[in-house]
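4 protein chains.
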Amino acid sequence: MDYAKPLPNYLVTRYHGWKATSYTENQGWYRRLAKEGQRPRAMVISCCDSRVHVTSIFGADQGEFFIHRNIANLVPPYAPDGDHHGTSATVEYAVTVLKVAHLIVLGHSQCGGVQGCIDMCKGHAPELEEKTSFVGRWMDILKPRFSEVEDIVDATEQARQFERQAVVASLENLMTFPFIESAVKSGELSLHGLWTDIGEGGLECFDPKGKKFLPV
Amino acid sequence: MDYAKPLPNYLVTRYHGWKATSYTENQGWYRRLAKEGQRPRAMVISCCDSRVHVTSIFGADQGEFFIHRNIANLVPPYAPDGDHHGTSATVEYAVTVLKVAHLIVLGHSQCGGVQGCIDMCKGHAPELEEKTSFVGRWMDILKPRFSEVEDIVDATEQARQFERQAVVASLENLMTFPFIESAVKSGELSLHGLWTDIGEGGLECFDPKGKKFLPV
Amino acid sequence: MDYAKPLPNYLVTRYHGWKATSYTENQGWYRRLAKEGQRPRAMVISCCDSRVHVTSIFGADQGEFFIHRNIANLVPPYAPDGDHHGTSATVEYAVTVLKVAHLIVLGHSQCGGVQGCIDMCKGHAPELEEKTSFVGRWMDILKPRFSEVEDIVDATEQARQFERQAVVASLENLMTFPFIESAVKSGELSLHGLWTDIGEGGLECFDPKGKKFLPV
Amino acid sequence: MDYAKPLPNYLVTRYHGWKATSYTENQGWYRRLAKEGQRPRAMVISCCDSRVHVTSIFGADQGEFFIHRNIANLVPPYAPDGDHHGTSATVEYAVTVLKVAHLIVLGHSQCGGVQGCIDMCKGHAPELEEKTSFVGRWMDILKPRFSEVEDIVDATEQARQFERQAVVASLENLMTFPFIESAVKSGELSLHGLWTDIGEGGLECFDPKGKKFLPV
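Protein chains in written order, with this note's numbering: chain A, 14 to 229; chain B, 14 to 229; chain C, 14 to 229; chain D, 14 to 229.
Source of the hints: derived by calculation from the structure; they are not laboratory data. Keep in mind that this is a model prediction, so the values were computed, not measured. Any given hint might turn out to be false.
What follows is a list of derived Cβ distance ranges for each label pair [as the list claims (entries may be wrong)]:
id: 1; chain 1: C; residue 1: 160; chain 2: D; residue 2: 110; range: 25 to 33 Å
id: 2; chain 1: D; residue 1: 16; chain 2: B; residue 2: 223; range: 50 to 58 Å
id: 3; chain 1: B; residue 1: 136; chain 2: A; residue 2: 95; range: 14 to 22 Å
id: 4; chain 1: A; residue 1: 74; chain 2: C; residue 2: 110; range: 35 to 43 Å
id: 5; chain 1: C; residue 1: 229; chain 2: B; residue 2: 166; range: 49 to 57 Å
id: 6; chain 1: C; residue 1: 90; chain 2: B; residue 2: 109; range: 43 to 51 Å
id: 7; chain 1: A; residue 1: 114; chain 2: B; residue 2: 212; range: 20 to 28 Å
id: 8; chain 1: B; residue 1: 21; chain 2: A; residue 2: 45; range: 22 to 30 Å
id: 9; chain 1: D; residue 1: 44; chain 2: A; residue 2: 45; range: 32 to 40 Å
id: 10; chain 1: B; residue 1: 18; chain 2: A; residue 2: 164; range: 23 to 31 Å
Glycine included, every Cβ here is placed at the ideal spot set by N, Cα and C.
Using the sequences provided together with the hints, build the complete structure.
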């Protein structure tokens, strides 16, 4: 365990700054959150990408969002086979224990995971096709949807559409979980699909009627 | 697809506020991030818990942290078996593609996932032991470590120590990934283990020498 | 060359301390910065004054700020006459090569350069008016603005207002550089004017609407 | 003036953190510095490069170093022609007004300015040779020294040696200023030449005897 290192100075300094300001100003609320437990209104599933800042975009503070972040904001289909399923565990906890009212899938532009999947589908990324590639095997979740965007000639536009497909795929896979389907049907839970443009700060929401994304 | 709903008003309102202020003030940076790609200095693995706000604690802004969040901030051991491994995919992308310099595992107090694992280990949570329980199967990753805290009588103290064990388990599992072990050995990557007290705003760092957590 | 001396001991000692701690904890990041090059988000133009610590005030670490420091944080107007223009070279490099997103001019209280300029304007500093005075000739950049604060009776208040004028003058001169004007207009770059009170730790930001400095 | 923008959030947050911690802990000292004026022991001339952190390397705090930063840490020769000479103004102020005891020139590896100068000398950078290139005209200060490294075949080694030449050139140019020459001769001032390796955290000092740089 001698590989673990002390926290870099710059983070120590910033932490002490937070403790002396934000924490101090919100101490009562943080103590109450600790004592009474969390009660988030929504769960957000977004990408790990450092450019996607869900709490910033939505001005969210401690206690508001239960957040799962993985590569390309993907949810695999329901598969109760006894294996470790990290993403499935997060939605199970959010819906059955915390009983969140909203489940939001947030995709984004310039997604490296989605681009890797396109490269795989086009046969340009043999390294991602290897059994040992965790990113490749994870992106297999999205692969079947490539047919939806295969004919788009412009590479940028194709990527943006496939990023939106990743959101739709996750929404559809979420509905394969019995506890989600029943919560949605009973009106206890609503699902939302979003896609954000990093450079322009845009935000689009999946419109169930027209089956496309419209600016919020 | 008629289950997908428009974004709740309160989030639409907040988004428009962000767009008109923060986005506008940082437009140049966001566009540059979109165009040139991300280059985060660190990856953080934290819990989905809505009370854990890693960007807030560390004053981090767009582009700084590649963030993976799952139940109880756990990393499973290296297992290149061709299945979907969401968490393994995130560390593979961060270390081999983005080449982050720091990998931080951030545990926290009052962790519901860790408490569930304790309940399972004590035989008080038969529902988590079922094959169909995603949370139960995910927490299996931590189960073998229960012997380390089994003798602690005080339940609160036992939970806090087990939360710290979850951080240490993740650090050890991270070292089973060949690409992480080699990056650590070459000095390109350093690992850091943290635990935060939600109510008191405390932060502790795993000390490799004394094998315990010390206040930052 | 026998005038060059070995580094004083106190700095040798501190350097070795830094090497054994901060450097070691951040080795991966420093190596990456060396290999991939810098990508600072912001440029800061501040005074050389030893009491102004821009990295401290903003908790900035290696790689974050491209920093130019000169007497009184002044930027001369655009003058492509083939002479050596050290300050103009720094902004050219920051904006056209590094493509920083923010350009911050940071003024401060008790500025010796600004006080010298006031003394010159009042005819109390003949030595600064000599052709051979580099400080005097440098402060000529600010001189035309003295009319803005000439009527302020209180000497301390006059100095503080003139220090703020130095920031505004630099912002206006920055806009005379074609590459800055175009980057600002396209939204790739934003300018910010700040003034800090050394003794009280205050920080004010120039408000474009009201044309005055307001506490941050 | 409507181009000036509010300070980005992340810097506002960090500033408030600094105010509540570092400033508060050092208030007495900062107030004394404001009231009595600065009394820095040394002046440092370093590059604007965001990867060079002179206060970090030397553990320096408010009041210790009078710092000038420009492209490639260059000092032009003494030229009292009545024009704006930003760098000359900084050394004049440091030596004649503040009477610093040490004047340190700090060069560094991977210097973009020095690389640009090499490209110019090899005829590979016509854009830097244009009259309107501020960076090009600034690097003209270093150009005459290219003969010293012209024969070095390895490009990396050539750049590192030219970076060290930039330090020596600045030291020699400093000695052309009458007030510096006399302060050095009287023993009131000593000059020091340093070069730091960003990736490896190394530090070398110019040795006047052997006319080369040796590890500190």
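To see whether the hints hold, each was checked on the structure:
no. : hint                         : verdict
1   : C/160 with D/110: 25 to 33 Å : holds, 26 Å
2   : D/16 with B/223: 50 to 58 Å  : holds, 54 Å
3   : B/136 with A/95: 14 to 22 Å  : holds, 19 Å
4   : A/74 with C/110: 35 to 43 Å  : holds, 39 Å
5   : C/229 with B/166: 49 to 57 Å : holds, 50 Å
6   : C/90 with B/109: 43 to 51 Å  : holds, 49 Å
7   : A/114 with B/212: 20 to 28 Å : holds, 25 Å
8   : B/21 with A/45: 22 to 30 Å   : holds, 24 Å
9   : D/44 with A/45: 32 to 40 Å   : holds, 38 Å
10  : B/18 with A/164: 23 to 31 Å  : holds, 30 Å
In the structure shown, no violation is registered for any of the earlier numbered hints.
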